[in-house]
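Below, each chain spelled out in residue letters.
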Amino acid sequence: MIISIASGKGGTGKTTVATNLAVSVSCPVQLLDCDVEEPNAHLFIRPSIQETKIVTTPIPEIDLKKCNHCKKCAEICRFRAIAVLGDTVLTFPELCHSCGGCMAVCPEGAITEKGRELGVLEAGVMNGVSFVHGRLRVGEAMSPPLIRAVRDRSWVDGLTLIDAPPGTSCPVIAAMKDTDFVLLVTEPTPFGLHDLKLAVEAVKILEIPMGLVINRADMGDDTVTAYAQAEGLPILMEIPFDRKIAESYSRGEMFALSLPEWKARFRELIEKIEAITGKGAGAQ
Amino acid sequence: MKELVILSGKGGTGKTSLTAAFATIATGCLLCDADVDAADLHLLMHPDVQKRTDFQGGGVAVIDPQRCTECGTCIEMCRWSAIGPDFVVDEIGCEGCGVCVDFCPEQAIDFPVKTCGQWFISATRFGPMVHARLGIAEENSGKLVTLVRQQARQLAEERGLDLILTDGPPGVGCPVIASVGGATSVVIVAEPTVSGIHDMARAIELCRHFKVPVMVCINKFDLNPENSATIERMAREGGLPVVGRVPFDQAFTRAMVQGKTLLEYDGNGPTGDQLRRVWESILNTSAMRAEK
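Chains as they are written, first to last, in numbering that gives the first Met the number 0: chain A, 0 to 283; chain B, 0 to 291.
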C-alpha cells in the first residue's frame with residue numbers, strides 16, 4: 000500500500016507524521032521523501048546513504064552539420080526552448096520540458112538527446128526503514144521529473160510512505176498521483192483550513208481516498224473539525240500542541256520513539272487507513 | 000522602487016504572519032502575494048477585489064472522437080502517458096507540449112488554451128494588494144508569480160508607492176525562483192529546528208545563485224536557543240545580517256483566528272515591540288538603504 004502525506008500549507012507536520020509513522024509500524028516500510036525542494040525527512044530518519052544517483056532530464060542536442068535551419072524544431076516547441084537564428088540554433092535547457100517533439104519533428108535527424116542534471120536521488124536504510132529522497136539542485140526549477148524518479152523506487156509489496164511537498168500544483172500532484180491513500184496533515188487555524196480545502200479539492204480530482212491528521216489540535220479554533228464533518232472526511236489522529244514535542248522536533252527527534260504511547264497511536268493510524276482502503280499495509 | 004521578498008525555504012515558519020505584521024508598520028507600501036499555490040495573506044488582509052483577470056496558461060490536448068481513427072500515434076509519442084487506451088487525454092497528466100497535436104495524422108487533436116488561475120488587484124486597510132489564485136492541480140505557477148510581481152511593480156509606480164512587500168512561496172523551486180529575480184532584498188524567516196536550518200541554507204544558496212542580497216530573521220527563536228545560535232553563526236559566516244529574533248508567541252495564532260495582524264491584535268506586547276525593531280533593522284540594512 001502506498002500512502003502519501005500531504006497538506007496544502009507548509010509546516011503543518013507532514014514530515015513529523017511521515018517519519019513517526021515509518022518508525023512505528025511493525026511491517027516492512029519504505030519512506031520516499033518527495034519534497035525534493037526542501038527534503039527534511041533524512042534529518043529525522045538519519046539513514047546511512049548507500050546509493051547516490053544523479054537524476055537527469057533529456058534535452059535536445061543539435062548537430063549543426065546535419066541541421067538545415069528549417070525551423071521545424073522551434074515551431075513545434077511550445078516552451079520556446081529552441082530558437083533558430085540565421086544559421087545558429089539556440090537551445091534554452093531550463094525552459095525545456097523534455098517532450099521530445101523537436102527530435103521527432105526534425106527531418107534531418109539532427110537532434111539527439113542528452114541529460115540535464117536536475118538533482119540527486121539518495122537511498123539508504125536506518126532501523127529497518129528503507130529510505131529514498133531527491134534533492135533538487137539549487138537554482139533548478141523543474142522538480143516533477145525528480146519526484147517521479149523517487150516515486151519509481153516505490154515497492155510493489157509492503158508499505159510505502161510518501162512525504163509530499165506543500166501546495167496543490169504540479170509537484171504535489173506528482174507526489175500524490177496513483178497512491179492508495181492521502182493523509183492530509185493540517186492545523187486548526189484559518190491558514191491551515193484554507194489550504195486544507197485546496198488540498199482536499201486536489202485529492203478529489205485524483206479520486207484517492209483521504210483522511211486527516213490535525214496537528215497542534217488545541218491551538219487554533221474548531222473550524223477544521225466542522226469542515227471535516229461537513230465534508231465527511233475522517234479525522235484519523237489529533238496531535239495536541241506540546242512544547243516538548245515541538246522541542247524534540249527542533250532537535251530532529253521522533254517523538255514516537257521517546258513516547259511509546261505515540262508509537263501505539265501511529266500503529267492505530269495505519270490500522271484505520273487499512274480499514275478505509277480495505278488493503279493491508281504490507282499488501283500491494 | 001524597492002521590493003522586499005519574504006521567503007523561508009521551509010513552509011510554516013511564519014512568512015505570512017511576519018509579512019502582515021510588517022504591512023501594519025510600513026507606510027506607503029504595496030502588498031504582493033507571490034504564493035499563488037496556497038495563498039494565505041488575504042486571510043489577514045481581507046482584500047476588497049477591484050479588478051479580476053483570468054490567467055491563461057498553456058494549452059491542453061483534447062482528442063475529438065469524431066476525427067480520431069485510434070491509430071495510436073499520440074499514445075506512442077506522449078512522454079507523460081497522459082493518453083489512455085480509450086483515447087481520452089488525462090488533463091492532469093497532460094504537460095501541454097502539443098506533440099500529439101502536431102503528429103496526429105488525422106489532425107484530430109485540439110489544443111485549447113487553458114485558463115488556469117486568476118489574479119487580482121485589491122484594496123486593503125494597509126494599501127493596495129496584488130495577488131492571485133492558481134487553479135488546483137495546475138502548472139505554470141512560476142509564470143503566474145512573474146505576472147503578479149510585474150503587475151505589482153506597475154501598480155506601485157502608478158500609485159507612487161516606493162516599496163513592495165512580497166510574501167513568497169515555500170521551497171526553492173519554480174515559483175520561488177520566479178519570486179526572487181530582480182528583488183531588492185530577501186528576508187529569510189528561519190525557525191530554529193533542524194529542518195528550518197537545513198531549508199534556510201538552501202534558500203540562501205538560491206538567493207546567492209540569483210545574486211539577490213539576503214538577510215535572516217529568526218522566528219520562534221526561544222523554541223531552541225542552541226539552534227538559534229547556529230542560525231546566527233551561519234548568517235555571520237555568510238556575511239548576512241540577522242535582522243531579528245521573534246519569540247514563539249501563541250498570539251500569532253490567536254491574531255490569525257481573528258483575521259488580524261499581530262500588531263493589530265496585541266501591538267503593545269513584547270512581540271509587537273520586537274517586530275517593530277525587526278522592521279527598523281530591515282530598513283537599515285545596506286541592501287534596503289541603497290538608492291535604486
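Take these hints with a grain of salt, some might be off.
Stated by the list, open to error - Example chain A residues on the side facing chain B (calculated, C-beta under 8 Å, incomplete): (1) Thr14; (2) Gly100; (3) Met102; (4) Pro106; (5) Lys243; (6) Glu246.
Unchecked claim - With a Cα cut of at most 30 Å, we get these calculated DSSO-like pairs of lysine-lysine: (7) B:Lys259 / A:Lys71; (8) A:Lys196 / A:Lys176; (9) B:Lys210 / A:Lys243; (10) A:Lys196 / B:Lys113.
Calculated from the structure, these hints are not laboratory results.
Glycine residues also receive a C-beta, built at the ideal position from the N, C-alpha and C atoms.
Structure-based check of all given hints:
1. For the restraint placing Thr14 (chain A) at the interface with chain B, the shortest Cβ-Cβ distance is roughly 7 Å, inside the 8 Å limit, so the hint holds.
2. For the restraint placing Gly100 (chain A) at the interface with chain B, the shortest Cβ-Cβ distance is roughly 4 Å, inside the 8 Å limit, so the hint holds.
3. At its closest, the beta carbon of Met102 (chain A) sits 10 Å from a beta carbon of chain B; the interface hint therefore is violated under the 8 Å criterion.
4. Below 8 Å, beta-carbon pairs count as interface contacts, and Pro106 (chain A) has none with chain B, the closest being about 13 Å; its hint is therefore violated.
5. At a threshold of 8 Å, the smallest CB-CB gap from Lys243 (chain A) to chain B is about 11 Å, leaving the interface hint violated.
6. Against a cut-off of 8 Å between C-beta atoms, the interface hint on Glu246 (chain A) holds, since the closest Cβ of chain B lies about 6 Å away.
7. The suggested pairing of Lys259 (chain B) with Lys71 (chain A) is violated, with an alpha-carbon distance near 55 Å, which exceeds 30 Å.
8. Our distance criterion of 30 Å between C-alpha atoms is met by Lys196 (chain A) and Lys176 (chain A), whose separation comes to about 18 Å.
9. Using a Cα cut-off of 30 Å, the hinted pair Lys210 (chain B) and Lys243 (chain A) is violated, with the two alpha carbons roughly 39 Å apart.
10. Pair hint Lys196 (chain A) plus Lys113 (chain B) holds up; C-alpha atoms about 23 Å apart against a cutoff of 30 Å.
When the structure is compared with the earlier hints, violations turn up for hints 3, 4, 5, 7, 9 and for no others.
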